[in-house]
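Peer 1: The chain contents come next:
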Amino acid sequence: MNESLQNLNGAVQLVLPEAVLLATVCVIFFAAPFLVSERGEAPAGLRHRWGWLSLLSLLAAGWIGWSAAEVPHSTGPFVVDGLTLFIRSLTLVSGAVLVLLHWNQADDSRSGESHACLLAILAGVNLVAAANDLVGLFVALELISIPTYLFLLLPRRDAPAQEATLKYFLLSIFSSAIVLFGMSYLYGATGTTNLYAIHQAFADHHMPHNALVAVATVMLIAGLGFRLTAVPFHFYAPDVFQGAQPSAAAMLSFVPKVAGFVALLRLIVPTSGGDAAMQSWMMTPSANNLLWWLAVITMFTGNLMALMQHDVRRLLAFSSVSHAGYMMVGLVVGLHSSQQINGIGALLFYLVIYGVMTLGAFAVLIAAARSNRRIETLDDLAGLSRTKPALALVLSVFLFSLTGLPPTAGFLGKFNLFFAAWSQGSESNRLLACLLGVNAALGAWYYLKLIGVMYLRDPVDRSEDSRPLETPVLVAVAVCLVGTIGLFFVPSPLWTHIQSVVR
Amino acid sequence: MPSLLVILIVLPAAAAAMLLLLDAKAPPVRARWAALLATLATFLVSLGVASQFLSINRSGIEGTSPVHAQMEQKYTWMTIVPETADVPPITLQFHLGLDGISLAMVLLTTLLTISAVLVSWTAISERSAEFYASLLILETGLIGVFCAFDLLLFYVFFEFTLIPLFFMVGIWGGPLRRYAAGKFFIYTLAGSVITLLGLIWLVVETYHIGIATHTPLATPFSIPAITELLAVHALPMETQVFLFLMIAAGFMVKVPLFPFHTWLPLAHVEAPTAGSVLLAGVLLKLGAYGFLRLCLPTVPGACLSVGMPLIGTLSVIGIVYGSFCALAQNDIKKLVAYSSVAHLGFCMLGLFALNTEGISGGVLQMVNHGLSTGALFCIVGMFYERYHTRQLSELGGLANRMPLLAVAMVFTSFASIGLPGLNGFVGEVLSLMGMFKRDPILAMIGATGVVLGAWYLLGVLQKAFFGPLQEPHHDSHDEPVADLNAREVMALLPLLTMCLWLGLFPQGLLDLIRPDVESIAKLYGDVHATKGTGAKNYSLKRPSDADESADAALPENVERKAPQANPNPNPNLLNPAAPEAPKSEVRP
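For the record, the sequence lines run as chains X and E. Counting from 1, one number per residue, gives the positions in the first sequence under my numbering. Counting from 1001, one number per residue, gives the positions in the second sequence under my numbering.
Looking at chain E on its own, in the form it has when it is part of the complex:
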């Protein structure tokens, strides 16, 4: 009996294989139901995995290594260098496992995939079996990335996700789909080839360190083993910097950070709704997750001296630039795409604050952005199905026509803006708080993104949903456009519920990721203590034990604020500065 983790990874792929074997002339409804069942089953398995994971006692693991996996599964893949008397072997493994961070991401993936299937229900009528097969294969790849604890296996899944998404964008996308798919594919591939070289270099260096310090690694590709060794014997600073830049190359494209983001709006706009949902919801997180899993624990010196200023600056530019780009868009989907650039900027800002608040905020922001932007893309897709346009200039006052859709849109926008009581708020506040401790200027510039975010999203609400009714030409001339049906509600409801729940009770998620985040952040505490010279400019502004107290105080801060789930009927009354208010409250 293979473990649940293996089943979780294999199940979607097996379902996809079955879908491909379906008769091509079978009615699409069969493929839909099969896909829905498969995603539901995968979700249930992921819940089972989660319950297994939660039953593990994880206290006292912080001391061992910056990265520690639970529920590990190891199968030997390939022994590159056989063991001899004077040389330890180099072995690749299928090394699967979970930690708190990856469990959160796995659950996000399995949840979003269900919504992705539901929103494609009627939108995809052509070659539907192939479409759902791609979707499920993509799910396998995504779960695999989060469960991989072998460097090469991580990279394998990371690369593998390109293939199904290429087909999804290229076959079922919009008018520019071929160009968009090609650009997305080549852009990310070029970046990740450099990452592969960086990873190889990292392994080679670590392997030699292991030999030199008489603690040879049997599996120098295993992430926990590498990080454990490097936490004790750090690499020389110059090597670290080069390694950081090489490994970061692929992830910077994937996130995407500012100058490397050009593939994203194109791919988002051209992708079918389900593709956009998964692209925004999970795929972009692969970049951030890669940073968190591979850069932060392995090359701490470089992350602090080069990564923090570089990635911090690029993230801030991304936040401001992405927000302004979003403001200028007339196409709602493109607007949401640019808002992703801004939101991922927050996420990276949090991660590269390199302290407990910041990293927790970054991880939270990963989950939040997945939920809220996933939901936003779902809604935009439902919109498009009704009107076959996404141009803001052609829409107006639709709240009268479709109250349910309007409620969902307003709710999701608020979550995305970061209204207190909804999930976006917690992540943004934690990220900015973390960054404030590290570099107040970056944090302050980044915080303007909150205002800008409110500006463009409220602009959409005002223009499209309120004010005088203006309906574009649509198919059903005689009868008015229908509101959300049960299927669409079912697609959105879980996401919105999670948005609210994480906004009100973020502590559960914070507790889940805390041990892993702390053990990484501790690395940076040590770096300050021992490597003060290398990181003079960014030395710690307060002792690291204060991190815990700030963390513990936070939930109260959050819960004090009344949830504002009810959308305001007149957005003009909403002061755009309102979301900024938390900033002053957070730092008493």
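Pulled out of the complex, with its shape left as it was, chain X reads as follows:
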């Protein structure tokens, strides 16, 4: 009894930052109802206080996590290795940006709960990164899913938001069930839920690659593909992005992808790092092909569908699908080889850059909204360079970065993926690099369309708009802009850090 308590205590020590976030969530959920009257009215400006509290909590989590030591090769429920710390800092920083984006998106009475949901989601991502157990992994994934339903619905309760939430909810529980199904087969094959033990079991070649493992592989990739918005599990993305509040769409475009990729890495790659990736239990030739085709189809579908969109939010949804495909290229390549430039390193690098640029794009859309109308269709963006020249310029920077043009970080991200895929040397991966190139050119077309609309067309609505720009969103825009430009000129610190993580 005493020993298990000690174990538990030790485990909690490993996830203290997440504990801080979840404690804040509890505080907010407990306190928020008392500050809102029975008629649903809250004192004006309450949302600012929740926003500050969220930021404070993220800061505290970061401060506690700063000095965390690595505890790899653990047999306990949690593991803290380079990847965990890397993902933790990524979620905390992107979480701060998301809090800023969400600042004025929910009205005072619902702001508290929606901020708490956001914090819970972020904690969930961190726990996925720290999970060392199939059960822990699943619970952490659910800790992301369930608050997401609320987060989608709370700021807006009109019909489109309800439809979006319902779609997300149904597909999400479906995917959770598939993941659970795959995990059960994996447990059946190995007899343990501990990830370290699972990897050990396969590494020592005790385990034959039987049908159980094959089913587990397919199911896990399919279930997690939902979070990556990999085709064919992407169908919810455009509808949900369109129906949800822009800050929620921004969150959905980035955070679930982080969770999905980290979960895949945790499942596939032994904790010892990239060197052993090739010996991963999942890497039967057929699983390799599956991921390869998934990456190709995801890239092409995302880009081709995005070409046809007239709604900015749907366009960005398909763009996020295609970027998931790009990152899967990194995954496929990384699982093939451990030498030279590492595909997983390129994937993590791209993940950071993708977060910076896509959150930035959404931030500009939020900041550029007019008092009576949000940015929804291409017409709403028309002539933005006349009405709000600075925002138009910044949005073009983000869009050029998404295209992969210098001097933005998106270029280096794509370059690293290209370089990883090409230097790996096998024919299939070189083909993958070529297809990535085709898609980069395809993608340029619709990002350019957005830029063209802003710069080459006249505004549709010429009436003066006196809506003041919101400081929190502008701060978020500035952070993303600095990241997008800065990571192009000074990529070394981030890249070196990622190298140390994957090696």
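Just so you know, the hints here were simulated from the structure itself, not pulled from any lab data. From a predicted model like this one, the values you see are computed outputs, not experimental measurements. Note that CB positions come from ideal geometry on N, CA and C, so glycine has one too. Please note that the accuracy of each hint is not assured.
Straight-line C-alpha distance at most 20 angstroms; calculated EDC-like pairs for lysine to aspartate or glutamate [as the list claims (entries may be wrong)]: (1) Lys1463/E / Asp1511/E; (2) Lys388/X / Glu1126/E; (3) Lys1025/E / Asp458/X; (4) Lys1522/E / Glu1126/E; (5) Lys1074/E / Glu1228/E; (6) Lys388/X / Glu470/X.
Ranges of calculated distance between the beta carbons of each label pair, as one might list FRET restraints [said to hold, decoys possible]: (7) Ile485/X / Trp1455/E: 47 to 53 angstroms; (8) Phe34/X / Leu1021/E: 45 to 51 angstroms; (9) Glu41/X / Lys1025/E: 39 to 45 angstroms.
Place chain E on chain X using the hints.
Peer 2: Relative to the frame of chain X, chain E by itself:
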């Protein structure tokens, strides 16, 4: 104190940033003057860089590597693969430098940008601060391409130039501007993505060769390092061919060579005058420069066995086809655009002659075409500002109305045709001479382009400037259209002076580029010696040391001919075959 080279690159961009910070409601005149000052300052800095460069003793550098930069500046950018015990690192650098060829192109860029600002003076009245900012950012990108000696940095600047030009065409262009800007952007981007893959492959192969031969490269992206290694240990032929085709993809679109040229007339016609000037004057050269910098020194075997026949044929088709297209045009701007396709054909023909004359001619042709076509586009723009039409059928006898403009047009046309004594002649003759040694048939077909060029440009002169006066409807009904004003003269004068100067004294420029050209051409001398089997059909027709003697003899040939700066008042008397005459004289 950063070096002058860094200042040269950063200065226009900094000026552009300042322009963007200007109050949007400030009068456009402020933006104009700021832009003019910035371009003048950049030009002065480039002169300073040139004088620094010329003071360097470059004798004896030929032996080291096919590409060698002077005044190098290196800053570590990113270490892709960290150094370990058994693996050398892969490092990207901000590696800037200059050689003779790039210095010539940098000077061309800074000079043309001044003219581009001057011709936009009154033509651009809307959002002028943004316009000049784009122009200056474009200048930064262009200078950067020529100064980059790291593969990836080269590519970065190469791609970056798309962005400002997209805005310039798209916002300030003609009626079809949105379509033109989009097509130009996507077309060139698609090509250059393939180039990027090719470059990555090249680096990967070179890196492995370095490891295999125990001469690992610390910076496998550095162009001098790669070319030096590949000059000793050539890649297998099959790889070279694939590499050549992939790297060439983006450059073939940019040049543009024959089947990939369709974006060019559209972009030229729709672009504002300044955009056309820089597009024709410098941007098209990026393609040719890319070939020269990245293809010729790295994959010599493929350049000889595949590149020469392929690019040679496409260039010849481009020369003939572009000329005929130009003949058929009624819109002067479109005519000049198609003439660019033809002239760039000469340039590529020279480069892919792969000998000293040919490459020198190609580089010279790059500079010449920049000057003369830049000036032509300036003149067409001035025309358009006065009459708001460019249709040949509506114009006639304008030499009476605007004698100065007519003089400038005639002069520039002659330079563009390649009249002896003007710059076009030297470049074309050298290119054709080089190609003649390599493949006489291609050279002979290409030479017909000289006649065709005379035909369509003299046709324009005859129709628009001489003969009975026919003026289109214009704004100022009562008073006649004014001739060139001082600003327009200032825009044209430097370009025309350079045309004449390079026509009379090309030796200075030839001397400047000679060491770099020779060290590349030497590579092909070696290729003949060692790889006779791979290039049987195109083996050298004469020993390479004869190249020097031909080169030395050339200036006399050129100077013998009297300059014909005075335009002939009656172009009908000009025999269209006259420009062809040099051909017989050059080969005694």
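Peer 1: Each hint: holds or not?
Peer 2: Comparing the hints with the structure gives:
Among the hinted pairs, Lys1463/E with Asp1511/E is inconsistent with the structure: their alpha-carbon atoms are about 40 angstroms apart, more than 20 angstroms. About 16 angstroms separates the Cα atoms of Lys388/X and Glu1126/E, which keeps this hinted pair within 20 angstroms; it holds. With a C-alpha separation of about 18 angstroms, the suggested pairing of Lys1025/E with Asp458/X holds against the 20 angstroms cut-off. For the given pair, Lys1522/E sits about 52 angstroms from Glu1126/E by alpha-carbon distance, which is inconsistent with the 20 angstroms threshold.
The hinted pair formed by Lys1074/E and Glu1228/E meets the criterion: a straight-line CA distance of about 18 angstroms does not exceed 20 angstroms. The straight-line distance between the Cα atoms of Lys388/X and Glu470/X is roughly 14 angstroms, inside the 20 angstroms bound, and the hint therefore holds. Checking the proposed 47 to 53 angstroms range against Ile485/X and Trp1455/E shows it holds: the Cβ atoms sit about 51 angstroms from each other. Here the CB-CB span from Phe34/X to Leu1021/E is close to 49 angstroms, well matched to the stated 45 to 51 angstroms.
Checked against the hint of 39 to 45 angstroms, the C-beta distance between Glu41/X and Lys1025/E comes to roughly 43 angstroms, which is consistent with it.
Hint compliance for this structure: hints 1 and 4 are not met, and every other hint is.
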